[in-house]
Structures are given as structure tokens and as C-alpha cells.
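Protein chains in written order, with numbering that gives the first Met the number 0: chain D, 0 to 524; chain R, 0 to 524.
Keep in mind that the hints were calculated from the coordinates and are not lab data.
Each hint should be verified, as a subset may be incorrect.
A pair holds if it fits inside one copy or across any two, identical chains being indistinguishable in the list.
[What the hints assert, rightly or not] PhoX-like cross-link-like pairs, simulated, lysine-lysine; straight-line CA separation at most 25 Å:
(1) K522 / K508
(2) K354 / K508
(3) K112 / K522
All of these numbers come straight from a predicted model, not from anything done at the bench.
Protein chains: 2
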Amino acid sequence: MDTQIRGDMFIGADAVAGTAGELHAIDPASGQTLDPVYRGATRDQLDRACALADDAFDSYRETAPDVRAAFLEAIADNIMALGDALIERAMAETGLPRPRLEGERGRTCGQLKLFAQVVRDGRHLDVRIDPALPDRQPQPRPDLRLRKIAIGPVAVFGASNFPLAFSVAGGDTASALAAGCPVVAKAHPAHPGTSELVGRAVRDAVAGAGLPEGVFSLVMDTGYEIGGALVTDPRIKAVGFTGSRRGGLALWRMAQDRPEPIPFYGEMSSINPVLLLPEALGARADAIARGFVQSLALGAGQFCTNPGLVLALAGEPLDRFVSTAAEALSALPAATMLTPGIADAYRAGVAAIAKSDAVETVARGQEGHAHSCQAALFVTDAPRFLAEHALQDEIFGAASLVVRCADLHEMRAVIDALEGQLTAAIHMDAGDHDAARTLLPRLERRVGRILVNGFGTGVEVAHAMVHGGPFPATSDPRTTSVGSLAIDRFLRPVAYQDLPDDLLAPALKEANPLGIERLVDGKRG
Amino acid sequence: MDTQIRGDMFIGADAVAGTAGELHAIDPASGQTLDPVYRGATRDQLDRACALADDAFDSYRETAPDVRAAFLEAIADNIMALGDALIERAMAETGLPRPRLEGERGRTCGQLKLFAQVVRDGRHLDVRIDPALPDRQPQPRPDLRLRKIAIGPVAVFGASNFPLAFSVAGGDTASALAAGCPVVAKAHPAHPGTSELVGRAVRDAVAGAGLPEGVFSLVMDTGYEIGGALVTDPRIKAVGFTGSRRGGLALWRMAQDRPEPIPFYGEMSSINPVLLLPEALGARADAIARGFVQSLALGAGQFCTNPGLVLALAGEPLDRFVSTAAEALSALPAATMLTPGIADAYRAGVAAIAKSDAVETVARGQEGHAHSCQAALFVTDAPRFLAEHALQDEIFGAASLVVRCADLHEMRAVIDALEGQLTAAIHMDAGDHDAARTLLPRLERRVGRILVNGFGTGVEVAHAMVHGGPFPATSDPRTTSVGSLAIDRFLRPVAYQDLPDDLLAPALKEANPLGIERLVDGKRG
Chain D
0 MDTQIRGDMF IGADAVAGTA GELHAIDPAS GQTLDPVYRG ATRDQLDRAC
50 ALADDAFDSY RETAPDVRAA FLEAIADNIM ALGDALIERA MAETGLPRPR
100 LEGERGRTCG QLKLFAQVVR DGRHLDVRID PALPDRQPQP RPDLRLRKIA
150 IGPVAVFGAS NFPLAFSVAG GDTASALAAG CPVVAKAHPA HPGTSELVGR
200 AVRDAVAGAG LPEGVFSLVM DTGYEIGGAL VTDPRIKAVG FTGSRRGGLA
250 LWRMAQDRPE PIPFYGEMSS INPVLLLPEA LGARADAIAR GFVQSLALGA
300 GQFCTNPGLV LALAGEPLDR FVSTAAEALS ALPAATMLTP GIADAYRAGV
350 AAIAKSDAVE TVARGQEGHA HSCQAALFVT DAPRFLAEHA LQDEIFGAAS
400 LVVRCADLHE MRAVIDALEG QLTAAIHMDA GDHDAARTLL PRLERRVGRI
450 LVNGFGTGVE VAHAMVHGGP FPATSDPRTT SVGSLAIDRF LRPVAYQDLP
500 DDLLAPALKE ANPLGIERLV DGKRG
Chain R
0 MDTQIRGDMF IGADAVAGTA GELHAIDPAS GQTLDPVYRG ATRDQLDRAC
50 ALADDAFDSY RETAPDVRAA FLEAIADNIM ALGDALIERA MAETGLPRPR
100 LEGERGRTCG QLKLFAQVVR DGRHLDVRID PALPDRQPQP RPDLRLRKIA
150 IGPVAVFGAS NFPLAFSVAG GDTASALAAG CPVVAKAHPA HPGTSELVGR
200 AVRDAVAGAG LPEGVFSLVM DTGYEIGGAL VTDPRIKAVG FTGSRRGGLA
250 LWRMAQDRPE PIPFYGEMSS INPVLLLPEA LGARADAIAR GFVQSLALGA
300 GQFCTNPGLV LALAGEPLDR FVSTAAEALS ALPAATMLTP GIADAYRAGV
350 AAIAKSDAVE TVARGQEGHA HSCQAALFVT DAPRFLAEHA LQDEIFGAAS
400 LVVRCADLHE MRAVIDALEG QLTAAIHMDA GDHDAARTLL PRLERRVGRI
450 LVNGFGTGVE VAHAMVHGGP FPATSDPRTT SVGSLAIDRF LRPVAYQDLP
500 DDLLAPALKE ANPLGIERLV DGKRG
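In isolation and in its complexed conformation, chain D is listed as follows (with noise of 0.2 Å):
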């Protein structure tokens, strides 16, 4: 693999360089910026890109699904070839240390190969047919198949937490491609080289499978004019986004009011409420209560799934909570953080609820420079955090929020008054089976996954996974942006009506060449 860095964009095939503002990358840890310059894509670079999804969609859609797969599959060992390259500028772009981006590099190729499993077995298609009955009364029947198709060309918007498995070949642009739609991926500033690299990779698996040129294009963008240009683009059918609330929020409603509305997936914001039930709590308050710090800490706290809210109910196991939390946290070194604006907002949103009189400050980490991460913890009960809510803002870093609780029907409030989450955590004796009994129904209107004794941090990348949840931690609660359920966001069923065989797609053929799973007649055949 060609490992160089040379501030390229992929048009399609072509290697360009955008001419529109200049950006560069910043490694977090020294301030210092990286070369070479990126410049951003001008509105004919764009058009470029999304003509040439658009041209290579019909094609690419209807690929057979061991060509697509490999096409998957050549990717992930693309960037596997990429080697240290990868890893060296990821590390320097993002102040995240080698363990974790090995890590990702796993997750982002297993992702991959996750997809191209699911493109052979071919069940995202949702294959039903009702045969024809000819004699039929009142009326026959026709030959009825269904088949869900690719909704068209996809935008997919970068995440800055996490380089490779949430970025230009992250879950969004796999799944994406795994349900036949062409990718323009946008990349995110903070980490251009790493991006064309991945980039680069993913580019040469589509020359190398024969495909045509425009079913991967990454462009760049200095501010906000070609990322809102792309969302807004006619061509484009839907869009992936990972990011804050405020930059989800603005492009969502950029694609509802296109003169053709298309399906925004973002995932914007969480706190991840911990639910400490009062058995588990009391016999092991110690041990969960590191735990929480370790969770915390994670990445600098820079995860979507970060425990930023702990919910018990007053009295001593909390308060033991509480202290051994607080030690463990202020014995936290300082983490460097992804960019220094999110170093910058992280310092803002700690300051602003230290603050207030609703909370009270129990801990802070170790301090660090400029651009790291002070973790902090703060405690507050349930009337006060019910009358401000503002305390439900996502401070993204290594920051949580302690409320105590008089009773299990206040903790139920709480969880009331929470806005949707990605994940609910409960920690859970036996003898708190009826607590939680009580408790998981109310938790599963607000979130997409509760978890038992452990911490949303770590999302498996599997059939059963749910990272998604009630607006506002996603515009649309019907979705997962992680695991093979991710794929279903970017199909749309269409019906054929006594088509001929021949001119059937492969999957709804009467004879079932791809030897798919299929629905006949309301029954598995």
C-alpha cells in the first residue's frame, strides 16, 4: 500500500487536491501543526463526487454479493497494509495512544468482514414472496416479491472520538456499502492524514474489484460549506453522522428541508445514566465505584457511551461510593483530548457546572496541559438535578454527575425526565431483581441499550447490538449505527408484481440462485 501523505481528496478515482481554504492537522499532545496542508473541496469537486455516485449507483447496487463482500474484505486488508503508517499519523492527529488505535484498526476491519458476511447471507434484503393464485375468489392473487433495495448514494460524516471505526471506512460507510450505495464521506478536520489514508485504501479495493469509480469519493472541508452542500445535495438519498448535538442537529434539519427530505442518522449526544441498585451498591460499592472511574476515564471520557450520570439512592454505600470514586478520580493524570476545541469545550462545561448551586464538586483529576482532560465528578440529588435541566447537557470528557436519590420512585423520576440515551447501565444483586423489574421498563423507552454490571464504554460490534436510542443521543430511534442491524438504514423495500423471471433480480428469482433465506407465502423457504 501507498503509504505517503500527500493532502489528497479522493474524486472518485482521482487523488486531487481541493483549492477552497487551507486546514491543517494539529497533534493535539504539543500544540504542534502537521503537515502537509489540506485544502478543502471546492463546489465543482463536490458535484464531481456526488455525479459519480449517482452514475455508479445502478451498477454498484446490484453486484453480486461474493463480488461485494470481497470488495468489503479488501478494504479492511487494505488498511491493514497500511501498517504503522496508519497508526503513527492516527497517534499524532489525535492524541490517542497505539493499544487503543490497534484496537480500533481490529474493530474497524471487523466491521468490515462483519458486513461482507452479511452481504453473503443476504437477509438484510428481507426476501418475501407470495406466489401467484390463479384461482383465487373473488380474485387471483398475483405473484407478489418483495426485496429491500439500496436507498441511494450515501453521506457519511466523520466522527472525531474515533479515527478509523467511526470515520471514513468506520460503521456508517461499511454498512452502507454492504446495502449497495456509492459513500461520499466527508472527513473530519482533525484528522485529514489519517483520513487519506483510509481513504486511499478504500479507493484502491474499488479499482481493484472492478467497480466503478464513483461508489467511494472523500472530500475535505475547512468549514461548514461543503459538509452542508453535501447533505443537501439532490443526489445524496441518506446521511451517517457521529458528532455533537449542535452540528447533528443543524445538518438533520438541512435534510428536512431539501425539497426532497431524505433519512438523517446522527448520533449526537448521551450521558449514560449508571443505576446503582441498592443490593449490589451495598455489598460492593468499592469495587463498582473503580470500575466507574476506569469507564470514565476511557480515552479521556471521550466516548459516546460515557458514564456521565450515577444514579443510588442516598445514604452510607453511596457515600462510600462516592469517596472511593473521588480518590480514584483524583488520582487520574491528565488526558490529552482529541482537539483543542474539545479541550476548550470540555474546560467550559466543567466550569459551568461546578458553578452551579445545584451540585457540588467532589473530585477533579490531576491537571495537564493545555489541551488535556481534568477528569471531575460532581454530586447532586434528584430534586435539584430534576429543576435544572441543563444538567442533563453532555459534558464530553471524563466528567460525571452523582444523584443521590430518596427512593426507588425518585430514581423513577429521574429516569422520567432523562432525554433518550444510547445506554442505561445497572448494577444489580439478586436481591435487586424487583427493583430492577420495576425500573427496565421506563429505561427502555429512553435508551437503546441497558447493560448489567458493567458500563456502556465498549460496544461490541455484533448481530445484537444496539448503539442508537430515542432522540436527542439519535435523530432516529429506529436505528443502530453499530452492528449488522446497522445496514437496514440505508434499504428500502420495493414490490414486483408478476415480473417476468428473467427479469428478476438474483434474490426474488423463482429457482433462489444466491440460495438466500427467503419468506414464501408467510413461511420460511
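Got chain D sorted already, so can you dock chain R onto it with the hints?
Positioned in the frame of chain D, the structure of chain R alone reads:
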């Protein structure tokens, strides 16, 4: 069954009259006002309906499959038990003939029974289990289980043109109830008596099944206030709507502008292109023309899938098609339309297109009374069609426009210029397959159902049906409002990680007590 018509709504179990404004049904055949008077719901009554729905939600969504299925079947039984009282009232309120309404009643009950079977099969729950891998390196995998749960209370807006199948207990209500969502239905003001009768049938089924009363409410509205308040009520989590584009887009916008935007499923307008390919047209121009006029005139053209646009190559066969169609259409008696307002809108639409320099009027049906539909057939050519976007506007009723295309290339250009549609029909013979092959990918982008040698009217309620399509045919191209897949609109996925078996829902328990289809470790188990 109680077949009295009293002017009631149903707020949960309570049969009550509204107090906000007055509403009478009108017999469109005679223009006579029908008793009794209906009054619109107050904001308080609506608030109570939504509160009851929210209260019922957690319990109703966890009902055992057999209980929920039997409830759906009981609704169907109760509707049948209304007997002729229902048919006669629906005839008086809509002007639709008895056989059509009896057929529609059968469809409505069949739909409820289909969803009962869907609930028993449990496939819609999309259960996935990735068992724990405690020894996996470098990290163990937790136990992960996914199911889809009901999205929340659903608002359903009854349509005017199917007083049974797309109204109070129509497809939206049936699929929402099947998903586990309480329903607050808003009656269409054109058929309040029919709505009251069906509403009572549903309410009695709720009581008979021992379900919480909030599972179903029916409200009346004399204007737009209650409909708007229903869509913006924070307890409502999704909306089903079938109606005009103007009404649909207004409600869609309200659903997006809520503090918590919600899924809005609007089925809004479609002109359903019919492609006549050369071989078929040459061989069967007359027969296709007669079938076309029959489909066009069905129910006074008041079908969402009415063939409002015909595309064919200019030439003698098309001339023959037009002249046969003109002859058949000229003989069509005027048919009573659903409401005076719909008849006025039809007249205005026909007058507007007839005045356009871009089209010529080739035939009109027989004239009739003030609220009837006088069929109309217009002809234009592709360049003029492409130049005048308003020619794509749906005229709700038995009006259609033939577009002469110079060649298949021009036909394809017309297809590409179309807005999203519910259906496209292709008339073809063996010699047309190559042409069809080039057009199919373009049609797939534009429509939800493609049918061959038939017309879109007649929408089978089946597993493989799609009654949906790209915007603006519907507000959500990922969905269908007819067929078993319609249930997916009212579900969202939730993942459970390491939740003890006794706290898992039956669908997820290790022993699979429901005996439903599940995906275990990526394989059918």
C-alpha cells in the same frame, strides 16, 4: 354489537361527545346532511386520550402474543358483527357502492387477521442473540440480546377514500396495535358515523380482551386544531397518515418541529405511471386501453394507485390506444365522489390542466351531479411534459394524462423527471424485455411497487406488498403502509447486555418459550 349511531367519540372506554364545534356527515350523492351531529374533541379530551395511551403503553406492549393476536381478531369479529348497519352508513357517508364497501370490509378484517398471525409468528421482533464468549481474547464478549419493541403511542389519521381499510381500524391502526402501540385515532370528518361504529367495535374488543382502556381512543375534529395537537403531543411517538399532500406535509412538518421529532408516515400523492412498451402496445393497444379506463374509473378514480400518467412511444399503436381509451372513457357515467370538497378539487384540477397549452383534451366522461366525477383524458408529449412540472400534480379522481415519447430514451428522461410514486405499471410482451431491463433500474429509484401487465389499483394485503415509495409519494421511503412489513414502522430495536434470564422478556429468554424465529450468533436458531 351495538349499532346505534349517537355522535360519540371514545376517550379510552368512555363514549363521549365532544363540545368543540359541530360536524355533520354529508351524503355526497344527494348533498343531504346526515344525522347525528358530531362535535370536536376539546384539548382536555385529547389530553386524556394521550395520557391513557401513555399509561397503557408499558403494559400493552408486553402482552403475550396470543392475547394481542386474539384482540386483533376480536376487532375483526366485532366489525363483522356490525353487519349491514356499518355498510349502509358507510354508503351514505361516502357514495361508494355496496359491493366495494363489502369488499373493503373483508380487506379490513383480513388485514387485522394477517397482523394477528404476524404477532404470533414473532418475526417482526427481529430477535438476535450473540451469546457470551467469556474466554474470547483479548476481551470476553458479553451476552447480547436484541429485540424490537413498540415505539410508543401512535396517532392515526383516517383517510377519506377508504372509510374502513385506511381509517379507524385500517392498516395503520392494525399494524400499530400489532406492534404493541396504543392508538389515538382521529376520525376523518367525511365519515364520522362509520368511524363511530368502528371505534366502538375496537373499544369493545379492548374491554373484551381485558386490556387497559388507553390502548385505543377515537377523537373527532371539526377543523385542524385537534389533529395538530395530536401530532405535537409529547406522548405520541409516531404518526400514520393517508391523505392529501398539503395536509400530509403540514402534519409532517409539525412532527419534525416538535422538541422530540417523531417518525411520520404520510402516504400523500401519486400519479402512478403506466408504461406501454412497443411490442405489447402493438399487439394489444385496444385491450390495454379498455383495462386502463376500467382501472382509471374504479371508485371514481379515488385510489392512491390510480393510473394518472401513461407513457408510450408515439405512433399508430398509441393513437389506437388513445382512441379506444377515449371511446371507452366518453361512455363512462359520472360517479359520485367522496365529498363535495373532493369533487370541487377534482373539477378545479381538470379545469387547470385542460387550460394548459401543453395538453389537449381527448375525452371527457358523462356529466353528472354537482358532487360527481366526470372522467377526463389528456394527451401531451414528452418535451412539453418535461417543461411543465405542474403536469405531474395529482388530480384526485378519474383523470389521466398520456405522454407521447419519441423513443425509449425520451421515455427514460420522463421517468427520471418524475417525483416519487407509489407504483409503476409496465405493459410488455416477450419482445419488450430488453427495453424493460433498461427501464427497471430507473423505475426502482422512483416507486415502491412495479407491476407488469396490470394496473396499480388493487393493492394485495400480503407479506410481499409495498404500498409506499420515495418522497413525495410518502414521507418515508423506507416503509410500506400495506402488508405485513407495515408493522416495522412502529418498532425500534433495544439491546440487552448480560441481563439475567428472569428479567428478560419471553422473546429473549434462553429457553425461547415463545418458540419464535431467532438469529443466534448470526445463524437461524
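Hints that the structure is at odds with (numbers, increasing) | Going through the list in order, the structure violates hint 2 alone and respects the others.
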